[in-house]
Structures are given as C-alpha cells and as structure tokens.
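Build out the structure end to end from the sequences listed, making use of the hints.
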Amino acid sequence: MLEAVNLMVFYENMLALNNITINCSKGKITGVFGSNSAGKSTLMHTLSGIMLDIKKKEEMIGGEKISIFGEIIYEGNEISMLKPHERARAGIVLCPERRRIFPESTVLENLKIGSYLTTKKEKEQNLDYVFNIFPHLKAHANRQGGFLSGGEQQMLAIGRALMANPKLLMLDEPLLGLSPLYQKIVVNAVKEIKETRGLTIVITEQYARPVIPIIDYGYIIENGSSVLEGTGDQLMDNPDVKSAYFGV
Amino acid sequence: MENKRIERIDRGIKVRTEGIYSIVSMREMMYIAGPRIIFLGILFLLPLILEAAPYWKRVMNIMFIYSLLAISFDFLANYTGLVCLGGAFFIGIGGYATAILNSVLHIPVLLSIPLAAIIGAVVCTLLLLPCLQLRGVYFAIITLMFPLLFTRVIEATNILGGTNGITGLESIPGHFTENYYIMIVALIALFGLRRFVNLDAGLVMRGVKDNEQSIRASGINVTWMKTQAVFISSLIGCFGGAYLAHLYVWAGLSLFALDFSIIPIAAVAIGGGGTIFGAIAGSFILVPLSEFLRFFGSFRIVLYCIILTAFIVFKSEGIMTYITRKYHQFERWVDV
Chain A
1 MLEAVNLMVF YENMLALNNI TINCSKGKIT GVFGSNSAGK STLMHTLSGI
51 MLDIKKKEEM IGGEKISIFG EIIYEGNEIS MLKPHERARA GIVLCPERRR
101 IFPESTVLEN LKIGSYLTTK KEKEQNLDYV FNIFPHLKAH ANRQGGFLSG
151 GEQQMLAIGR ALMANPKLLM LDEPLLGLSP LYQKIVVNAV KEIKETRGLT
201 IVITEQYARP VIPIIDYGYI IENGSSVLEG TGDQLMDNPD VKSAYFGV
Chain B
249 MENKRIERID RGIKVRTEGI YSIVSMREMM YIAGPRIIFL GILFLLPLIL
299 EAAPYWKRVM NIMFIYSLLA ISFDFLANYT GLVCLGGAFF IGIGGYATAI
349 LNSVLHIPVL LSIPLAAIIG AVVCTLLLLP CLQLRGVYFA IITLMFPLLF
399 TRVIEATNIL GGTNGITGLE SIPGHFTENY YIMIVALIAL FGLRRFVNLD
449 AGLVMRGVKD NEQSIRASGI NVTWMKTQAV FISSLIGCFG GAYLAHLYVW
499 AGLSLFALDF SIIPIAAVAI GGGGTIFGAI AGSFILVPLS EFLRFFGSFR
549 IVLYCIILTA FIVFKSEGIM TYITRKYHQF ERWVDV
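Protein chains in written order, with the working numbering: chain A, 1 to 248; chain B, 249 to 584.
Derived by calculation from the structure, the hints in this document are not laboratory data. Fair warning: there could be bad hints in the mix.
To be verified - Some residues of chain A that are not near chain B, with every Cβ distance over 12 Å (derived): (1) 26; (2) 108; (3) 136.
Said to hold, decoys possible - Taking lysine-lysine and the DSSO-like style, the derived pairs with C-alpha atoms no more than 27 Å apart in a straight line are: (4) 563(B) x 65(A); (5) 57(A) x 563(B); (6) 563(B) x 83(A); (7) 26(A) x 121(A); (8) 65(A) x 252(B); (9) 167(A) x 83(A); (10) 457(B) x 563(B); (11) 574(B) x 55(A); (12) 138(A) x 191(A); (13) 55(A) x 252(B); (14) 574(B) x 252(B); (15) 242(A) x 191(A); (16) 262(B) x 55(A); (17) 83(A) x 252(B); (18) 112(A) x 123(A); (19) 138(A) x 120(A); (20) 55(A) x 457(B); (21) 55(A) x 563(B); (22) 123(A) x 83(A); (23) 252(B) x 56(A); (24) 138(A) x 121(A); (25) 65(A) x 574(B); (26) 457(B) x 57(A).
Yeah, the Cβ is synthetic: ideal placement off N, Cα and C, and Gly gets one too.
Listed below in structure tokens is the structure:
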C-alpha cells in the first residue's frame, strides 16, 4: 500500500535516513524499531509530508538545509511532493510523537477537530467507534485535554487520528511514557483497530517487546539505515535484536 | 540527475579562527577583525564625507537614534522574550526628562543627555514594572498604550508645556560633536550588548525567553531579570530620546509619535532578529530609504510597505543572518 524506496534525508550535512526502503502492505501492521536518534521520527515525518513543512520553515529563518531524496509510492502514485494536508486527504494520517493534543479543548472537541475532513455521518460513526474502543474517553468527554493522564492523552491522540478516516495510520511512539498496564491497553486497541477496520498501520517504538506480538512485519533501523527486517518471530529469534531491543 | 544536493560547510579559516589559534597569523586575525574594522572605519569617515551634504548629516543622526531604538527592541524581544512596542514611550520620556534638566535646571547639554537617559530609564522601568508578568502580545499592547496615555495626559492637564511643548533647549555644540556623540553611544550599545548577552546574566535572560518556568525552578527571580532587561533597553531608548530633543531644541508631543515604535521593529525584521547588529543594519537601510522616497510624496508609504513586505516574504531570515552565513560557509553541489 505504502512503499518508500531509497529514502534519504539530510539535516544540513548529517545523514538522518540512509537509503531506507520499507514496504507497508495493506491491512497489516508494520513495526519500525530503533533507539533514540535512529531516525524513526524523521521517517514518520517524511512519510507524512511534515518534513516538507519543516524544510520550508528552516529555509525561511535561514536555519538548517534539509534535503529529501527517494520515492514514496502510495496506492500506485508517487506522493513525495504532496503537501501534508494533501496526504491527509489521501488517507495518510499521523498520530505524532508526544501526542500533541490540544490541551485547552475538551476531549470531544479534540476528536471533532480530527474529523474536519469527513462528512457529518462519518463523523458520528467514527465518534461511536472511538468511544467504543476507548471507553475511558467517553467517561471524560467534557474534560479539557490537558487534564487527562498520559495514557488517556495517548488514547485521545489515536482517537483523533482515527476520526480523520485514515487508510494508513501512522503511530509515532504511542507507548512513550506509559505504564505497562496502559501499554497493554493501547497495544490491544491498535490490534483491535486493525482487525475491525482493516487499516494499514505503521507503528514505531524504541522498546520492541510490547509491540512485537501484534506486528506482521518489522524493520529495525540504526543510525538511519535499515539493518534488519522480517516478521515478528524472525526478529525475535535474532540474538542481536534480542539483547538490544528486548532486554533479554 | 537530481541526485545531487547542495552541501554547506564551514570555511577552513572559520574553523581555524574559532579557538586561541586565531592569533597565529595576520590572515586569521583579519578574518575576525576585518569586517568590524571596515564597518567602524566607514562609520567614522561618514561625517567627514557627508560634510558636502549637511542635510544627510542630519539624516545620519536620525539613523543612529532609530538604531538605538532597534537595538533596544532586538535585545528585549529576542533575548528576553518581551515584545516591546514602547520605542515612542522611551523617546518621549527621555526627551521630556532632558528638557526639564536642561531648560529648567540649566544643566549643560552634554551632561543632561546621559542624566536624562538614566532618569528616564528609571521612570520607564518603574512604570513597566507592574506589566512584567504579561507576556507576548499583551506586553506589546501595554507598551504601545503608554505613549498614547502620556500624550492625552499632557494635552488634558497642560503640564510640561501642554501642546506647545518645552522650548529653549540648548543645541549640541558643533556639528562633529553632534555626529560622533550619538555614533559612539550607538557603538557602545551595540558591542556592549553583544558581549552582555553572552555573560551569565545574558544567558539567564535568554533562558527566561525560552522557558520561564525552568528559570524560576532554578531559584532565579524572573521578574528581577526582566526588570534589569527593561532597564537596559529603556536606558538605550531614552538616550536616543534625549538626544533627539536636543537635536530639535524642543520637546513636545511629537516625541510620542508612533513611528518610534514601528520603524525599529521593521528595521529588526529587515536586519535579522537576534543579531543586534542586524538592528543597526536595518535602520541604516530604512531611514535613508524613507528619505529617498520623499520624492514620491505621499506615495512613499506604499513603496515603503512594498519593500518591507518583500523583505519579510523573500528574506525573512534578515540581512545579517544571510551575510554572516555567506561569510562563514560556502556551498557546493555534491553527489548523494
């Protein structure tokens, strides 16, 4: 469904992504694992198009020069020049790292903001669906987003992304700073989303253990290059990966 | 094909001059000192060159007054995080202070200007003190209101000469004193502040801009730091005001004109915020430009706006940032 071929991103002269080729097949969960500074967020920003926006802003203030190379093919079309909002219209929706919810809007308003691109009928369906998956949110529907706990905020962020009717949902470090219990809830919810709505999901994470059971295919990136790929079990069996990403 | 990108790297000489090694050869020393020497040289020669055109000498003085205001704006906005539209306020308070000192108390002009700057700075700081809790646009609006408030108060109560203003100020003796006096002060403000922002106190102020809470958590009194910053920049601004009053030999309501608040901001936008030098460069472009545009009569505001907009849209990094980058780095095409 989404295919990135030979993706390269330079921040000034630093190579942030080096010839990354990843393939996300339809209806599957693709995992991207790597430590800090491996390039996970850069990859997510590049795929969702936000990198083009960052690039332009840096040019305006005379900051770092960002160069992007490679092809991104989505449903057979080359989209690497599309702006982020056009990609969102096409169905690529990013749930950003550190959640970035709107702290002064209520939970309900946050979700409604996410459904800007959809019709009214879809909005109501999606709202029911999100409240169904995350019952926690329904209980706090009128509370301000900033007053939710970290786990609830993460649910809200995923819910907001779902409201946009995505075909491809990208989750950037959804388990950041969550307790093991909440990690489990979020991971199960992601699995449920995939099964009930047949979405294609890309998920990045530093610590692979909680996520690896639900992924269909995974990539491990280090210093911007993809060092290993395979199904969840194949990754699990690799001794290097075991010590580095599972803490075994 | 398109598999080439522009690489930007530091010039070898820039890297060599970064440490103590910069004093090993004349070339390295000139790399650092050269631009400054050329800038200073041109400035000091300027009054002599402009001897042929006395009108432009006067424009030069105005240029330096705007430079002072732009420096004080740049310092407050980009190093302390207080967007201050109070240029007119500083000018007005400084101007009236020197008017009282000079024409009522008969203090000689060269002494009354710095004295007025200090008194004016104290007054400005005290008046702005209650507003320091405000941030961003709210502080900007309050500082914009103060000059309007003072104009109305003076008009209504007829104090300080009312609408006629205070006349009979001494003019500054000698054309060259007039030129060099303000120039040297502007240079002291420029180089002093550039040094100050890298001192401990300056670092804390930059911290206040970035994250006020963590500065407070480090046990530093944020309001006190902001007070100091406001004092420094109103000192610079009031000096400009006091000088301007003596240039016109008159202190009146026009010292509170909105121009003094707006043009410095435009100058900083053109010159490049956060460099302090950019503030001077910006006002050196804007003030002569608005003089040139006088030929076009009232149409000049339109041209002025077009030029400003073009600068902000196409070179929003500012001239100084651009030039510094070109000076220190070069670009070349490399294969990916």
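Hint check results:
1. Listed as a non-interface residue, residue 26(A) keeps its Cβ farther than 12 Å from every Cβ of chain B; the least gap is roughly 30 Å.
2. Its beta-carbon lying about 29 Å from the closest one in chain B, residue 108(A) satisfies the requirement of being farther than 12 Å from that chain.
3. Every CB of chain B is more than 12 Å from the CB of residue 136(A) (nearest about 29 Å), matching its label as outside the interface.
4. Under the criterion of a C-alpha separation no larger than 27 Å, the hint pairing residue 563(B) with residue 65(A) is consistent with the structure, at around 15 Å.
5. The hinted pair formed by residue 57(A) and residue 563(B) meets the criterion: a straight-line CA distance of about 12 Å does not exceed 27 Å.
6. The straight-line distance between the Cα atoms of residue 563(B) and residue 83(A) is roughly 22 Å, inside the 27 Å bound, and the hint therefore holds.
7. Pair hint residue 26(A) plus residue 121(A) holds up; C-alpha atoms about 25 Å apart against a cutoff of 27 Å.
8. For the proposed pair residue 65(A) and residue 252(B), the alpha carbon gap of about 14 Å is at most 27 Å, so the pair holds.
9. Proposed proximity of residue 167(A) and residue 83(A) is supported: the alpha carbons are some 17 Å apart, at most 27 Å.
10. With a C-alpha separation of about 24 Å, the suggested pair residue 457(B) and residue 563(B) falls inside the 27 Å cut-off, and the hint holds.
11. With a C-alpha separation of about 19 Å, the suggested pairing of residue 574(B) with residue 55(A) holds against the 27 Å cut-off.
12. Only pairs whose Cα atoms come within 27 Å are accepted, and residue 138(A) paired with residue 191(A) is accepted, the gap being roughly 20 Å.
13. Of the supplied pair hints, the one linking residue 55(A) and residue 252(B) holds, its CA atoms being roughly 17 Å apart against a limit of 27 Å.
14. Between residue 574(B) and residue 252(B) the CA atoms are separated by roughly 21 Å; this keeps the pair inside 27 Å, and the hint holds.
15. At most 27 Å may separate the alpha-carbon atoms for a hinted pair to count; residue 242(A) and residue 191(A) meet this at roughly 23 Å.
16. Taking the CA atoms of residue 262(B) and residue 55(A), the gap is near 26 Å; set against the 27 Å cutoff, the hint holds.
17. Proximity of residue 83(A) to residue 252(B) is assessed by CA-CA distance (about 22 Å); at most 27 Å being required, the pair is judged to hold.
18. Between residue 112(A) and residue 123(A) the CA atoms are separated by roughly 8 Å; this keeps the pair inside 27 Å, and the hint holds.
19. For the hint pairing residue 138(A) with residue 120(A), the CA-to-CA distance comes to about 19 Å; that is within 27 Å, so the pair holds.
20. Restraint check for residue 55(A) and residue 457(B): the C-alpha separation of about 24 Å stays at or below 27 Å, so the hint holds.
21. Taken as a hint, the residue 55(A) and residue 563(B) pair is honoured in the structure, with Cα atoms around 15 Å apart against an allowance of 27 Å.
22. The suggested pairing of residue 123(A) with residue 83(A) holds, with an alpha-carbon distance near 24 Å, which does not exceed 27 Å.
23. For the hint pairing residue 252(B) with residue 56(A), the CA-to-CA distance comes to about 19 Å; that is within 27 Å, so the pair holds.
24. For the hint linking residue 138(A) to residue 121(A), the alpha-carbon distance of about 19 Å falls within 27 Å, and the restraint holds.
25. Note on residue 65(A) and residue 574(B): the hinted pairing holds, with a Cα-Cα distance of about 14 Å set against a maximum of 27 Å.
26. Simply put, residue 457(B) and residue 57(A) have alpha-carbon atoms about 21 Å apart, close enough for the 27 Å limit, and the pair holds.
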